[in-house]
Amino acid sequence: MNQVPLSHILFVSTALFFIGMYGLFTRRNMITMLMSVELILNSVNINFIAFNKYLYPEKLEGVFFSLFIIAIAAAEAAVAIAIIINLYRNLRSIDVEDANEMKF
Amino acid sequence: MPNYAYIALIPLLPLAAFVVLGLCGRKYQGRWSGGVGTGAVLISAGLSLWTAYQYFGACPADAACLPVTPLKVTWLTFSPGLSIDMSIILDPISVMMIVVVSFVSLMVHIFSLGYMKGESRFGTYYAFLGLFTFSMLGLVLSGNIFEIYIFWELVGCSSFLLIGYYFDRPPAVAAAKKAFIVTRFADLGFLVGILILSFHAETLDFHTLILRLTHPSPQLASITTASFLGISMLSWGLVLVFIGGAGKSALFPLHIWLPDAMEGPTPVSALIHAATMVVAGVYLVARLYPVYAFSDPKVLQLVLYVGALSALLAAIIACTQTDIKRVLAYSTMSQIGYMMFALGALGYTASMFHLFTHAFFKALLFLCAGVIIHRVHSNEMKDMGGLRKRLPLTHGCFLIACLAIAGIPPFSGFFSKEEILLAAYHANKFVYAVGLFTSGLTAFYMFRLYFSVFWRREGVGDHHREAAFTMKAPLVILAAGAVFAGFVPFSRWVTYDGRPEEPHAVGAFAIAPVALALLGMLLAGFLYRKESNRPAKAAAAFGALYTFAYHKFYIDEVYSFVTKKIIFNFIGRPAAWIDRNIVDGFMDLLAAVTAWMSARIKGFQSGKVQDYALYFFAGIAALAVLFIYIYT
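Residue numbers (my numbering), protein chains in the order written: chain A, 1 to 104; chain B, 1 to 632.
Hints may be right or wrong, so weigh each one.
[To be verified] Derived contacts from chain B toward chain A, CB cut-off under 7 Å, selection only:
1) K537
2) Q605
3) S606
4) G607
5) V609
6) Q610
7) A613
To be clear, the hints were calculated from the coordinates, so they are not data collected in a lab.
Even for Gly, the Cβ is constructed at its ideal location relative to N, Cα and C.
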């Protein structure tokens with residue numbers, strides 16, 4: 001089976017990363033922003049897996065790293081959704097521009 | 001040599017009383033606090049008498065009483081050559097002093113049981129008395145010059161606390177502050193003196209210090225060759241130590257705190273400001289006496305003249321005051337002047353003897369004044385008069401004390417004053433004349449007080465009890481002391497070089513002082529025995545001198561002028577200006593710069609999550625660029 005070259009995979013992960021960043025900066029809905037963050041994290045996961053497979057096929061550290069990142073992402077999503085629910089209770093909105101009181 | 005280790009208990013018992021009463025006396029004010037304090041001092045006094053018995057009993061019959069160091073603990077070690085010890089020294093004067101201090105303290109403790117009854121801060125009072133007794137006993141037993149300085153400050157502190165005991169009365173607070181500041185100012189001299197002496201002698205220990213500074217040694221060479229303003233460092237050190245002593249002993253011109261210190265409770269005046277603490281200055285000079293006697297004679301001349309001047313001025317002022325305690329305060333100052341000029345006139349034994357006898361009769365006078373004030377509720381002599389029927393026992397004791405201080409034989413004051421005048425006669429005829437005149441004045445003002453308080457008016461007895469037993473017993477015991485203390489063979493035990501001297505036989509020399517004292521008594525009787533206009537006429541005859549003396553020679557006014565007008569204006573105000581504008585200004589500048597900066601950059605903290613995310617990624621991008629640049 002023909003292997004997919006490494007550069008293709010890196011291209012995918014880079015695209016994913018910047019799509020995530022774009023979403024994070026432009027969306028005002030907090031749920032969408034949370035999803036964008038997940039995209040960024042997954043782009044990192046792809047990088048880890050790809051480098052592990054192409055550079056050190058006999059090792060497994062990269063795979064474990066991505067497992068950790070997935071776990072952390074789940075925890076982070078739980079925390080973020082809790083915050084969003086609380087904000088919604090206080091502000092009756094999940095628009096990030098409405099939550100602007102933590103300033104000088 | 002007997003074992004003296006128990007001596008540490010003598011000062012430590014009053015300290016224990018202080019700690020116990022200070023920690024839990026407040027809860028049981030007035031119930032057992034007086035008993036605890038008195039009990040501790042009673043044991044101390046018993047141990048002191050036992051020590052004296054043992055120590056003087058162990059002296060060889062015809063040679064010096066040797067100093068003993070029963071306890072020595074190294075407290076701080078700085079370097080191999082420099083350490084501070086805590087030690088106890090026993091020599092004739094310290095043994096004499098522990099007896100005086102613990103005995104008078106015991107009398108005052110007992111007297112206060114009656115006098116201070118019903119005070120709301122009874123336990124606190126006894127705690128302070130315990131602290132004072134501890135510090136004073138520690139002071140007299142100190143074996144090195146640094147230790148004596150620690151206790152010196154402790155007695156100053158407890159004196160401050162006791163003068164300000166009635167802290168709700170503004171004059172008492174002012175007096176406490178004044179006493180503290182004036183003695184503190186003098187203590188600065190003492191501290192510098194200690195530093196000079198111990199730096200050159202390379203030791204703090206009294207015994208070694210005296211040995212090195214009175215015999216040819218490298219240390220003596222160093223201290224006499226070094227000089228400042230043309231005066232050798234040895235003289236400077238001794239003069240500065242003397243200034244410290246003069247402040248504590250209320251000698252001219254540092255005496256201004258003592259009359260005001262009478263704002264404290266009367267038993268406190270008896271203990272601290274008459275019998276014990278104020279003689280600490282005399283004791284200090286006596287402690288270093290071999291060095292004083294060995295060094296430049298000009299230093300002793302200074303001691304002599306300051307003492308004589310204080311004795312004379314205080315006696316003159318005492319003749320004009322109307323507050324019974326102030327008369328006694330000036331009389332104390334005058335008697336301390338006597339002790340000091342006796343030291344200046346090489347009358348070491350005479351000075352210590354007078355210190356010893358003075359403690360008894362002056363404490364007695366103050367305690368009698370306490371009884372009188374307790375009954376009359378006033379300090380002013382004009383509110384008294386004719387009290388001899390109402391207070392017969394006090395009358396008798398007061399008369400004994402007056403006769404003792406006036407130097408009438410065979411009361412104790414006669415013997416000690418006699419020796420002082422004899423020493424002065426051999427040393428300096430002028431000072432002898434001053435001393436003689438002052439002894440006449442002493443008799444005059446004491447009997448002025450006596451006649452004004454106890455005679456003057458027709459007295460009537462009343463059915464009130466004179467005073468509580470606890471107040472009467474100390475009077476009787478001290479009166480016995482005032483009568484018999486003169487018969488103690490003092491010169492046999494306490495001498496400058498430690499060799500016993502034969503007591504001087506009382507002879508023709510005694511005629512002049514006794515005659516003058518009798519003259520003073522007769523004059524006082526003539527003026528004050530009956531109510532008349534004679535005192536007013538006499539005052540008018542003296543004119544300006546009377547006004548001057550009545551206003552205490554305006555010394556307080558001179559001090560206020562110097563401090564308020566000169567020091568405040570020319571030192572205090574510029575210092576305040578520098579503090580407000582330069583020191584504070586620098587701090588204000590720092591604060592202003594910080595505030596300005598933060599106002600400029602606070603916009604970054606916008607409260608918008610996406611802004612923060614942007615800074616975050618910008619930071620990561622910048623770091624990425626940086627690392628790429630560094631690693632390639």
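Do the hints match the structure? See the list:
1. K537: 86 Å, violated
2. Q605: 5 Å, holds
3. S606: Holds - the Cβ of B:S606 comes within 7 Å of chain A, reaching about 6 Å at its closest.
4. G607: Status holds, d = 3 Å.
5. V609: 5 Å, holds
6. Q610: 6 Å, holds
7. A613: 6 Å, holds
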